[in-house]
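Each chain is listed here by its residues.
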Amino acid sequence: MRHSLIMGRIAAVVAALAATPALAQDAPKIDGADTAFMIVATALVLMMTLPGLALFYSGMVRKKNVLATMAQSLIATAIVSLLWIGVAYSLTFSGDGAYIGDAARVMLKGVGMDTVSPLATTIPEILFMAYQMTFAVITCALVGGSVAERMKFSAFILFCVVWLFIVYVPSAHWVWGGGFLQKMGLLDFAGGTVVHINAGIAGLVCALVLGNRVGFGRENLSPFDLSLAVVGTGLLWVGWFGFNGGSALGANSRAVFAIVATHLAACAGALVWSGLEWLQRGKPSVLGVISGAVAGLGTITPASGYVLPWQGVVIGLIAGAVCYWFCTVAKHKFRYDDTLDVFGVHGVGGIMGTLLAGVFATRAVTASESTPGVAGLLEGDPHQLVVQAIGVGVTVVWCVIGTLITLKIVSLFATLRVNSDDEREGLDIALHGEALHQ
Amino acid sequence: MKLISAIIKPFKLDEVRDILTALGAHGMTASEVKGYGRQKGHTEIYRGAEYMISFLPKIKIEVAITDDLADQVVEAIRKAAYTGQIGDGKIFVTPLERALRIRTGETDDDAL
Chain A
1 MRHSLIMGRI
11 AAVVAALAAT
21 PALAQDAPKI
31 DGADTAFMIV
41 ATALVLMMTL
51 PGLALFYSGM
61 VRKKNVLATM
71 AQSLIATAIV
81 SLLWIGVAYS
91 LTFSGDGAYI
101 GDAARVMLKG
111 VGMDTVSPLA
121 TTIPEILFMA
131 YQMTFAVITC
141 ALVGGSVAER
151 MKFSAFILFC
161 VVWLFIVYVP
171 SAHWVWGGGF
181 LQKMGLLDFA
191 GGTVVHINAG
201 IAGLVCALVL
211 GNRVGFGREN
221 LSPFDLSLAV
231 VGTGLLWVGW
241 FGFNGGSALG
251 ANSRAVFAIV
261 ATHLAACAGA
271 LVWSGLEWLQ
281 RGKPSVLGVI
291 SGAVAGLGTI
301 TPASGYVLPW
311 QGVVIGLIAG
321 AVCYWFCTVA
331 KHKFRYDDTL
341 DVFGVHGVGG
351 IMGTLLAGVF
361 ATRAVTASES
371 TPGVAGLLEG
381 DPHQLVVQAI
391 GVGVTVVWCV
401 IGTLITLKIV
411 SLFATLRVNS
421 DDEREGLDIA
431 LHGEALHQ
Chain B
1 MKLISAIIKP
11 FKLDEVRDIL
21 TALGAHGMTA
31 SEVKGYGRQK
41 GHTEIYRGAE
51 YMISFLPKIK
61 IEVAITDDLA
71 DQVVEAIRKA
81 AYTGQIGDGK
91 IFVTPLERAL
101 RIRTGETDDD
111 AL
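Sequence lines, in order, name chains A and B. Residue numbers are given in the UniProt record's numbering: position 266 of the first sequence equals residue 266, and the series is strictly consecutive. Residue numbers are given in the UniProt record's numbering: position 71 of the second sequence equals residue 71, and the series is strictly consecutive.
Everything labelled a hint here was simulated from the structure, so no lab data went into it. Any given hint might turn out to be false.
As the list claims (entries may be wrong) - In silico EDC-like cross-links for lysine to aspartate or glutamate, where the CA-CA straight-line distance does not exceed 16 Å:
{"no.": "1", "chain 1": "A", "residue 1": "K333", "chain 2": "B", "residue 2": "E50"}
{"no.": "2", "chain 1": "A", "residue 1": "K283", "chain 2": "B", "residue 2": "E32"}
{"no.": "3", "chain 1": "B", "residue 1": "K60", "chain 2": "B", "residue 2": "E32"}
{"no.": "4", "chain 1": "A", "residue 1": "K283", "chain 2": "B", "residue 2": "E50"}
{"no.": "5", "chain 1": "A", "residue 1": "K331", "chain 2": "B", "residue 2": "E50"}
{"no.": "6", "chain 1": "B", "residue 1": "K2", "chain 2": "B", "residue 2": "D88"}
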């Protein structure tokens, strides 16, 4: 996305100069193919949350919490979408402040039929806004996986409202909206820092603040129906083509390269995770296959538009092994209850992927008509890896601080966690008055 | 009269029913139950978390039968439910004092 954004900024300058009639022909022009592709990509990314993440998550919780877990994905979509259109989009993608955008696009002010964002010059601005909206939606919905089976619905709603503005909006502005990390040259094609590190770290912080589930480590907390999680993974996997491919912001070769690398990373991650299980446990579990696939998908995300397809395989292999260790060994060793392994899969994957983008960035892939491209460590330039490490560090630190502040604010208005009786009864009945029946 | 209760593996239900029908047992009741014996359940592993599943799904069948058929029925159930693996189940035989068909009022052997 970064190079497209740089090209977009150049185009914006050209557009600004187009005040004179002689230059009017250089104004950005909406492209039909790009627009069609980005409409599909937007739908694919929304499909990742509804129904992809809803199914993926709800299949891994106990039967008494299935509806409550789906409710988190649903409400995150509803509330974040409205906030995005109202204020968040403007603060993220309008203006060129180093730390935060401006209010020029509040309530979509100034967005007309022919308006084009300087960040994506060949599609209608409202489409760029909607596409970015789906990223904000899924990031907030992802966090819910860490606190599934114990966070109050009211608290989760407030969490989405506050966390969006304290963590997501600034972070997305720094990396994609012209902020200081983008100016520093951070490579994050489709959201290794903005989406996955933020969701994973926030999930871990929330899980630690709320505490472990009743019976964690002692009682049977096994999944209700892994077949739902498999279907959800399939929807996420396919939706990721819109997530990573769409981050090229146009129907072009970079989009296709990103999609192919994404698919290969998912395949490699699935194979490694289940292979390690086979070696260690004697049986490859279905949950292992889908966990490895999602780990591969999350890890390739920041690098997907900058690397060669075969490097996607390498990234997927690393993702499968490292995320496997975090989810099956580290989590139990340190006894934190990240319910659905949001940190172990997305947080760890996002950190690795962002760093690996600095290793595998390939000049020939990152180059565009207006920029020479970026070489990673593998092409002999260690500088980009340093930039990536700074990006990871800044994102992690701010996400920890911002999430703690968010939880403090939310706790002033709502109890974060259900009481233990409600937790034992199940959140479906306790919070929603509904239940799955035979 | 005897009441024969048998705990069997769920996938053996059809074989047991067929053989009892052939023997002349006119009816049976089957229930989905959960339990454990010497097998002590099994272990499931999810992302490294191990859970002991003590109560395994089983089928409990109940057959009321005349005294003269009891031994044959017990043996037939044993053969039909046998796999040789741990967890094949158990058969219990208890004396049955009375039986009554609700529709006709017939009692004991006539009611079976």
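Structure-based check of all given hints:
1. A/K333 x B/E50: 13 Å, holds
2. A/K283 x B/E32: 28 Å, violated
3. B/K60 x B/E32: 6 Å, holds
4. A/K283 x B/E50: Holds. A/K283 to B/E50 sits at ~13 Å (cutoff 16 Å).
5. A/K331 x B/E50: Status holds; Cα separation ~13 Å.
6. B/K2 x B/D88: Distance of about 22 Å is beyond 16 Å: violated.
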